[in-house]
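These are the residues of each chain, in order.
Number of protein chains: 2
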Amino acid sequence: MSGTTAADAVGHDELATLRVVALDSGLTGEVKVSCAGLGERLDASSQTASRRLQRLDDAGLLAREVTGDGQWVTVTDAGEAALRREYEQYRRIFEEPTSVELRGHVTSGMGEGRHYISLPGYMEQFRDRLGYEPFPGTLNVELAEESLRRRAGMEAVEAVAIDGWQDEDRTFGPASCYPATLVADGGRYETVHAIVPERTHHDESQLELIAPDRLRDALELEDDEELEVHVGA
Amino acid sequence: MSGTTAADAVGHDELATLRVVALDSGLTGEVKVSCAGLGERLDASSQTASRRLQRLDDAGLLAREVTGDGQWVTVTDAGEAALRREYEQYRRIFEEPTSVELRGHVTSGMGEGRHYISLPGYMEQFRDRLGYEPFPGTLNVELAEESLRRRAGMEAVEAVAIDGWQDEDRTFGPASCYPATLVADGGRYETVHAIVPERTHHDESQLELIAPDRLRDALELEDDEELEVHVGA
DNA sequence: ATTACTAATATACGAGTAC
DNA sequence: TGTACTCGTATATTAGTAA
Numbered sequence: 001m002s003g004t005t006a007a008d009a010v011g012h013d014e015l016a017t018l019r020v021v022a023l024d025s026g027l028t029g030e031v032k033v034s035c036a037g038l039g040e041r042l043d044a045s046s047q048t049a050s051r052r053l054q055r056l057d058d059a060g061l062l063a064r065e066v067t068g069d070g071q072w073v074t075v076t077d078a079g080e081a082a083l084r085r086e087y088e089q090y091r092r093i094f095e096e097p098t099s100v101e102l103r104g105h106v107t108s109g110m111g112e113g114r115h116y117i118s119l120p121g122y123m124e125q126f127r128d129r130l131g132y133e134p135f136p137g138t139l140n141v142e143l144a145e146e147s148l149r150r151r152a153g154m155e156a157v158e159a160v161a162i163d164g165w166q167d168e169d170r171t172f173g174p175a176s177c178y179p180a181t182l183v184a185d186g187g188r189y190e191t192v193h194a195i196v197p198e199r200t201h202h203d204e205s206q207l208e209l210i211a212p213d214r215l216r217d218a219l220e221l222e223d224d225e226e227l228e229v230h231v232g233a
Numbered sequence: 234m235s236g237t238t239a240a241d242a243v244g245h246d247e248l249a250t251l252r253v254v255a256l257d258s259g260l261t262g263e264v265k266v267s268c269a270g271l272g273e274r275l276d277a278s279s280q281t282a283s284r285r286l287q288r289l290d291d292a293g294l295l296a297r298e299v300t301g302d303g304q305w306v307t308v309t310d311a312g313e314a315a316l317r318r319e320y321e322q323y324r325r326i327f328e329e330p331t332s333v334e335l336r337g338h339v340t341s342g343m344g345e346g347r348h349y350i351s352l353p354g355y356m357e358q359f360r361d362r363l364g365y366e367p368f369p370g371t372l373n374v375e376l377a378e379e380s381l382r383r384r385a386g387m388e389a390v391e392a393v394a395i396d397g398w399q400d401e402d403r404t405f406g407p408a409s410c411y412p413a414t415l416v417a418d419g420g421r422y423e424t425v426h427a428i429v430p431e432r433t434h435h436d437e438s439q440l441e442l443i444a445p446d447r448l449r450d451a452l453e454l455e456d457d458e459e460l461e462v463h464v465g466a
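In order, the protein sequence lines correspond to chains A and B. Here the first sequence is numbered in the numbering used here, starting from 1 and rising by one per residue. Here the second sequence is numbered in the numbering used here, starting from 234 and rising by one per residue.
Hint data in this document are derived by calculation from the structure and do not stem from the laboratory. Please note that a few of the clues may not be correct.
Selected chain A positions facing chain B (Cβ under 10 Å, derived; list incomplete) [what the hints assert, rightly or not]: (1) H12; (2) D13; (3) A16; (4) R19; (5) G26; (6) E30; (7) K32; (8) Y87; (9) F94; (10) L119; (11) Y122; (12) M123; (13) R127.
Quick list of the computed label-pair ranges, beta carbon to beta carbon [unchecked claim]: (14) B:E357 x A:E95: 35 to 41 Å; (15) A:D24 x B:E437: 36 to 42 Å; (16) B:E329 x A:D58: 55 to 61 Å; (17) A:E198 x B:D450: 51 to 57 Å; (18) B:E334 x A:D58: 41 to 47 Å; (19) B:T424 x A:G173: 41 to 47 Å; (20) A:E155 x B:E366: 37 to 43 Å; (21) A:D58 x B:L260: 46 to 52 Å.
Anything over 10 Å on all C-beta distances counts as not near chain B; from chain A, calculated [as the list claims (entries may be wrong)]: (22) G11; (23) A22; (24) A36; (25) D77; (26) R114; (27) Y116; (28) E142; (29) E220.
Note that CB positions come from ideal geometry on N, CA and C, so glycine has one too.
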């Protein structure tokens, strides 16, 4: 699996507690809870509810303000990311598997995307919407000829939208992140996204991949190595 | 909360185990797993993986065939239902507040729901949770065929829960009330709720509507008149 | 009313082992 | 290899209590 973020520090019981909070407060709002009430919904004692909230707090998945007669809690960005990771798993189970199988080979160009990926305006969205913080660089895949046509099928795959933004100097365009699985000789890597800039005229023959780890290392990839990219799977 | 099905008998750790199995086998297929491999994916020992599979099996959420060199497992219908319950919660957290547009026509059957609606155990809850005291009868809508499939999308709509209760003679089950708008030739009626019994096997092709007024009068409805029901709007 | 501590008890875990 | 026992130990839970 990989991915040792703060979310792994809490167990499934804590995550279920966070989910109940999110159901009540939404992802951005705050809600007043009492340990007794929360415990009842969780089928546990108020002490257990209290402890779970503390652990969620310690792990940074939840922010609390304890008052005399209860506490206001909000789900943090890290908490939202943790929940989204779970959500994406369930989606993979229940959603129609509209997947597009593409073939190609590793090509150079680890450099160009790197700069953009690591910009905070993008990185924040990756963390919140993809559920992980990508390695600051892209793996570029040069698509085989027969895959160029199939590439159009990617539009049927549900993508995660990344919004455009701007700083003082310039604007940065929006993009779409298509969930994908990368298959190489060295093994499979499940949590990959193909990132496609929305507006700019990019090279249709290349696919840029991001992932929690440096894919070249994780799969021991060599230059020009043949790959399969299962977009939407 | 209640809902004491077999699924509640297992903890969140077991459900997470079931999820991993579903990710590999799909909802219908079977997959060969080893406790050692499963334990690694779950960040636990093989003994723990073994115990979790046993408990899932005991709870009827998973079917196993243990062979000499591993075991084939499949997610049962009850297991799928348990996972779907989780999934629906995540959808409510992450999905946009959806509305489902259903079409159908007025049908008779004003009678059956009438008795239940007017029972004080329900009527009190309607007053408190829906904000009005419904006319003591339901408008039954026979759904058009294309709307039958869309009906499943209603589960993503946030409903008002009506608790079950009992008197000396019998028990009355819980139900869900989905906020809806009714559109007919005679006009629109905004404050409608589609009431769906929770447990009992009810007719999926019919939708029972309650509202502060008698809908037949308020919208001057005729038998078999075509209607639109916007659930969640 | 709350939250959260302490301490007794129940449960879960994993090493070792049998088959 | 595999599953699934037993059993000593670690962790989680909850009643009681303090603030």
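Here is what the structure says about each hint:
1. H12: holds (4 Å)
2. D13: Holds, because the Cβ-Cβ distance from A:D13 to chain B comes to roughly 5 Å (cut-off 10 Å).
3. A16: holds (5 Å)
4. R19: holds (6 Å)
5. G26: holds (8 Å)
6. E30: violated (15 Å)
7. K32: violated (18 Å)
8. Y87: A:Y87 check passes; min Cβ-Cβ to chain B is 4 Å, inside 10 Å.
9. F94: holds (5 Å)
10. L119: Violated, about 25 Å.
11. Y122: At about 20 Å, which exceeds the 10 Å cut-off, the nearest Cβ of chain B leaves the hint on A:Y122 violated.
12. M123: violated (20 Å)
13. R127: violated (15 Å)
14. B:E357 x A:E95: 35 to 41 Å: With Cβ atoms ~40 Å apart, the hint holds.
15. A:D24 x B:E437: 36 to 42 Å: The hint (36 to 42 Å, Cβ to Cβ) is violated, given that A:D24 and B:E437 are roughly 30 Å apart.
16. B:E329 x A:D58: 55 to 61 Å: violated (32 Å)
17. A:E198 x B:D450: 51 to 57 Å: Distance hint for A:E198, B:D450 holds at roughly 52 Å.
18. B:E334 x A:D58: 41 to 47 Å: holds (45 Å)
19. B:T424 x A:G173: 41 to 47 Å: At 44 Å between Cβs, range holds.
20. A:E155 x B:E366: 37 to 43 Å: violated (50 Å)
21. A:D58 x B:L260: 46 to 52 Å: violated (36 Å)
22. G11: violated (7 Å)
23. A22: Its Cβ does come within 10 Å of chain B, the nearest being 5 Å, so this is violated.
24. A36: About 14 Å separates A:A36 from the closest Cβ of chain B, which puts it past 10 Å; holds.
25. D77: The claim holds: A:D77 sits with its nearest Cβ about 14 Å from chain B, beyond 10 Å.
26. R114: Fine: 29 Å to the nearest Cβ keeps A:R114 off the interface.
27. Y116: holds (26 Å)
28. E142: holds (30 Å)
29. E220: holds (20 Å)
Going through the hint list in order, the structure does not satisfy hints 6, 7, 10, 11, 12, 13, 15, 16, 20, 21, 22, 23.
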